[in-house]
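Same order as they appear, the protein sequences are chains V and B. Here our numbering runs 1127 ahead of the position in the first sequence, where the first position is 1. Here our numbering runs 15 ahead of the position in the second sequence, where the first position is 1.
Among the hints, a few may not be true.
[Stated by the list, open to error] Below, a sample of chain B positions facing chain V; criterion: calculated Cβ distance under 10 Å:
id: 1; residue: Q46
id: 2; residue: A49
id: 3; residue: S122
id: 4; residue: A132
[To be verified] Covered stretches of chain B, going by a simulated chain V footprint (3 or more residues, C-beta under 8 Å):
id: 5; segment: 52-64
id: 6; segment: 72-80
id: 7; segment: 83-97
id: 8; segment: 101-108
Keep in mind the hints are simulated off the structure, nothing from the lab. All values derive from a computational prediction rather than experimental measurement. By construction, the Cβ of each residue, glycine as well, lies at the ideal position given by its N, Cα and C atoms.
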Amino acid sequence: MAAPMLRWGCAGRRWAFACVDGGSRHGLGARNDFTLSGMRGQSSLALQPLITAQKPRKGEHEWAAVVGLEIHAQISSNSKLFSGSQVHFAAPPNSLVSFFDASLPGTLPVLNRRCVEAAVMTGLALNCRINKKSLFDRKHYFYADLPAGYQITQQRLPIAVNGSLTYGVCLGKKRRQVITKMVRIKQIQLEQDSGKSLHDDLRSQTLIDLNRAGVGLLEVVMEPDMTCGEEAATAVRELQLILQALGTSQANMADYEIQRQINELENGGEILNETRSFDSTLGCTVPMRDKEGKQDYRFMPEPNLPPLVLYDAASLPAGADSRQVINIDYIRERLPELPSVTREKLIEQYGMLPEHSFTLLNEAGLLEFFQNVIKETRAEPKVVTSWVLNIFLGYLKQQSLAVSESPITPSALAELLTLLDHKVISSSAAKQVFEELWKSKSKTAAQIVSEKKLELMQDLEALEQLCQAIMEGHPQVVMDLKKGNLKAINKLIGLVRKATLDRADPTVIKKILEEKLSS
Amino acid sequence: MWARTVRLGLRARLGGCRGFTFKVDPQGTGQVTAELIEHLERLALVDFGGREAVARLEKAIAFADRLRGVDTDGVEPMESVLEDRCLYLRSDNVTEGNCAEELLQNSHRVVEEYFVAPPGNISLAKLNEQEPPPRG
């Protein structure tokens, strides 16, 4: 099986709104194109929400927003779906285009095995039924970036149907509670991507780059099981994590559009049946010309492609060429670990809370960072979890950095946590050291500790004497304590800490004080 | 594949019509309306020209309608004449591309290795008002 490679590419996006009349769902208009700007990396996921507002019954006042999603994910492959030209996101215009991609007469589609495997893997990961026979169709519409005048897709009988995607929504004020929700997957189909159009309004022309034309796409159609933008966004995020774990596709995308539509619905705004296009300069969608009449794609079977037949262990024909057959069971056995399983393992192995496992997986590179720290220290996993998720992640977020841009390596943090674990430094001293590590790139934790003299006092006798001195210096507090105000001990602890320049372990201080008070 | 008896004149339903619906003649009158012509012209970007072309279309539809006379009850529709063929699977290697110069020669207008097309989403009505776009 091909080694998974992560590819990037720009995807066109079209939005369609459902007509607000008894929950009807209209089809989508012709593709309009743009480049997603202002995002880290490029996008290979395109999103089409279909929001149906169901009319409230008599007596009800609330609209029930129902969100259905169609997601196009660009398949990570070396070559395109039906031709041997390269899939790559940055290349001179029209340099990654074959005669077939340019729709020159006499060319024929030849199906890429890797794309079929990617579709099967994704279908299995989403609990779909894999259709042992699926068909290809032509979907016709005219647009300059679609040279053939049709797109090869799988409308009648797609490769995978009837699956499900489970995702976790964080609830509660502090988002501590994780509730599992499920959205049904209607189908997954293979289809071609179109080229890219650059609109030059000044000269009233459109520039066409066909590098992306013919790249393999996985269209994942979700049923309208989601009730709000947040659920939809979370479901899509989970799908993204699954695709990344499978190596099928990589993606970055904005979910602001879902939120915008939800906001409109909730404000009672009417959503017209229109197609919107994304204006990259404005950074939002703008209404396009209304479609005159309904779009009719005139679907017909793709005459140049026989049905796609897949096998399993039982049906595999004897002596078949392994390069020409695809065995679903073989693929199922070799599926990489899915995010939900990774989370379960984290919870089991390290005793962390479910919401922690979600955070670890949601942030790119964070899980790997965490695991590398764990490898190099014997500190309690719960301590490591807390430091990585609270302090480390907190610093990253504050400075808008990705894990890959972190000035602190997993080894450095591991060293620091080991010092803490061995009680060489106190918890508050550790935080000071962390701050220093973040700023200075060449020093190690141990160096900073010795430079700033942050080591915990090891001389118990000296500490006892100090405690004695503090107690003698503050008789009122001692009296208060003996009267029964137990909280007064904190004041004494604070005073001792100050006197030791915070180089004493508060728990040890407390023990000494209590011993002295009871004697 | 074809039913053994062909019953002419009877309107038997085409068996197992999956996915593709018959939109052309919902009333079954065999007449092609002006509205439909306009719709088809927009979709397929063809020019029907005059009454003659429409008459020809009506005759073609009537001819194809004779298929309805065939009794296909219980017969699986044929999806493709290639249904007994094997779909060849290509290995995921890069074997083509890098011929921008050659491809761009097909275009009447080119700007820095991009094909040039008219601006998108012009309605057909508006197009008819303008000069026909340059052909190449």
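A quick look at each hint next to the structure:
Interface restraint check: Q46(B) against chain V, minimum CB-CB distance 19 Å, threshold 10 Å, status violated. Among the interface hints, the one on A49(B) is violated; its C-beta lies about 14 Å from the nearest C-beta in chain V, farther than the 10 Å criterion. Contact between S122(B) and chain V, as hinted, is supported at the beta carbon level, the nearest pair being about 9 Å apart and thus within 10 Å. The interface hint given for A132(B) holds, since its Cβ lies 4 Å from the closest Cβ of chain V, which is under the 10 Å cut-off.
Closer than 8 Å: that is the beta-carbon criterion, and the segment 52-64 of chain B has 5 residues meeting it against chain V, so the requirement of 3 holds. For the segment 72-80 of chain B, the assignment as covered by chain V is violated, since 0 residues bring a beta-carbon within under 8 Å of that chain's beta-carbons and 3 are needed. Against chain V, the segment 83-97 of chain B contributes 4 residues with a C-beta closer than 8 Å to a partner C-beta. That satisfies the three-residue criterion, and the hint holds. Coverage of a stretch by a chain is defined here by at least three residues with a beta carbon nearer than 8 Å to that chain's beta carbons; for the segment 101-108 of chain B and chain V the count is 8, and the condition holds.
Consistency with the previously given hints fails for numbers 1, 2 and 6, ordered from lowest to highest.
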